[in-house]
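Novice: Sequences and hints are given; from them, build the entire structure.
Line order of the protein sequences matches chains A and B. Terminal number for the first sequence in our numbering: 116, no gaps in between. Terminal number for the second sequence in our numbering: 110, no gaps in between.
FYI, nobody ran anything at the bench for these hints, they're computed from the structure. For glycine and all other residues, C-beta sits at the position ideal for the given N, C-alpha and C. Just to be clear, a hint being listed does not mean it is correct.
[Said to hold, decoys possible] Calculated lysine-lysine pairs in the DSSO-like style (CA-CA distance at most 30 Å, straight line):
id, chain 1, residue 1, chain 2, residue 2
1, B, Lys102, A, Lys80
2, B, Lys2, B, Lys67
3, B, Lys102, B, Lys56
4, B, Lys102, B, Lys67
5, B, Lys2, B, Lys56
6, A, Lys79, B, Lys42
7, A, Lys80, B, Lys56
[What the hints assert, rightly or not] Distance windows between CB atoms, simulated:
id, chain 1, residue 1, chain 2, residue 2, range
8, A, Glu22, B, Asp78, 39 to 49 Å
9, A, Lys79, B, Leu75, 28 to 38 Å
10, A, Thr3, B, Arg77, 24 to 34 Å
11, B, Gly16, A, Gly41, 25 to 35 Å
12, B, Gly16, A, Leu82, 41 to 51 Å
13, B, Lys42, A, Ser65, 22 to 32 Å
14, A, Leu82, B, Gly59, 37 to 47 Å
15, B, Ser69, A, Gly16, 47 to 57 Å
16, B, Gly59, A, Ile53, 51 to 61 Å
The residues making up each chain are set out below.
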Amino acid sequence: SQTIHQWPATLVQPVGSPLSLECTVEGTSNPNLYWYRQAAGRGLQLLFYSVGIGQISSEVPQNLSASRPQDRQFILSSKKLLLSDSGFYLCAWSPSELRRGQYGYTFGSGTRLTVV
Amino acid sequence: QKEVEQNSGPLSVPEGAIASLNCTYSDRVSQSFFWYRQYSGKSPELIMSIYSNGDKEDGRFTAQLNKASQYVSLLIRDSQPSDSATYLCAVNPRNNRLAFGKGNQVVVIP
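Specialist: Next comes the structure, spelled out in structure tokens:
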């Protein structure tokens, strides 16, 4: 069966510090991968998605970046965090061949980031 | 116009009652529809998927889809305190990237 791992679970970082969040998927190959952010009391905001190694699409311009160095690894980074980067960061995956979109996304357990 | 709208505010239901949640979407060619449950501080969990007009039942959950009217709903029968959560509607539009609604909070009162 497929599993998705995301770490760390919680993170408190000072303004201006770098960020690196990692997500890995097991039990499948060539998944589509996604990074979402959920601010307090707000909906899910798609940040990045990837359909393959090195292929990253950005949905929202910001000081965050994403990379996919391996097939089942997705990394979210920032060089300098802002207070507004605080939120709940979620990684998700879906099968690469959506077959008319039959599959929903499966989310990791999330990282609660607080920028102070 | 937002891709997926969930307009209702928090929903309080007594234990054992039916909770009804509604969602509308804007892209007529959408093919797949999903309901996620998100407990406070946790990640969303897929609980229902529906692809054809009509009803789909899974345990105490029933999803209803009406493509002509572009809405999808979720019914929770015999609501339990463990059903207290935020429910997110998600729609797969033409670009094959799920669009999520903002969610509806359900509070089941014992």
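Novice: Now tell me, hint by hint, if it's right for this structure.
Specialist: For each hint, the structure was consulted:
1. For the given pair, lysine 102 of chain B sits about 28 Å from lysine 80 of chain A by alpha-carbon distance, which is consistent with the 30 Å threshold.
2. Distance restraint check for lysine 2 of chain B and lysine 67 of chain B: the Cα-Cα separation of roughly 17 Å lies within the 30 Å cut-off, and the hinted pair is therefore satisfied.
3. Between lysine 102 of chain B and lysine 56 of chain B, the direct Cα distance comes to roughly 23 Å. Compliance with the 30 Å bound is thereby established for this hinted pair.
4. Note on lysine 102 of chain B and lysine 67 of chain B: the hinted pairing holds, with a Cα-Cα distance of about 20 Å set against a maximum of 30 Å.
5. A distance of roughly 25 Å separates the Cα atoms of lysine 2 of chain B and lysine 56 of chain B; the hinted pair therefore holds under the 30 Å criterion.
6. Proposed proximity of lysine 79 of chain A and lysine 42 of chain B is supported: the alpha carbons are some 27 Å apart, at most 30 Å.
7. Proposed proximity of lysine 80 of chain A and lysine 56 of chain B is contradicted: the alpha carbons are some 47 Å apart, above 30 Å.
8. In this structure, glutamate 22 of chain A and aspartate 78 of chain B meet the distance hint of 39 to 49 Å, their C-beta atoms being roughly 41 Å apart.
9. Between lysine 79 of chain A and leucine 75 of chain B the Cβ separation comes to about 47 Å, which falls outside the hinted range of 28 to 38 Å.
10. Checked against the given bound of 24 to 34 Å, the beta carbons of threonine 3 of chain A and arginine 77 of chain B, roughly 31 Å apart, stay inside it.
11. Our hint of 25 to 35 Å for glycine 16 of chain B and glycine 41 of chain A holds, since their Cβ atoms are close to 29 Å apart.
12. The beta-carbon spacing between glycine 16 of chain B and leucine 82 of chain A, approximately 47 Å, falls within the hinted interval of 41 to 51 Å.
13. Hint check: lysine 42 of chain B to serine 65 of chain A, Cβ distance near 26 Å, so the stated range 22 to 32 Å holds.
14. With their beta carbons about 43 Å apart, leucine 82 of chain A and glycine 59 of chain B fall inside the hinted range of 37 to 47 Å.
15. The supplied range of 47 to 57 Å is met by serine 69 of chain B and glycine 16 of chain A, whose beta-carbon atoms lie about 50 Å from each other.
16. For the hinted restraint 51 to 61 Å between glycine 59 of chain B and isoleucine 53 of chain A, the CB-CB distance of approximately 39 Å leaves it violated.
Hint check: violations occur at hints 7, 9, 16; the rest are consistent with the structure.
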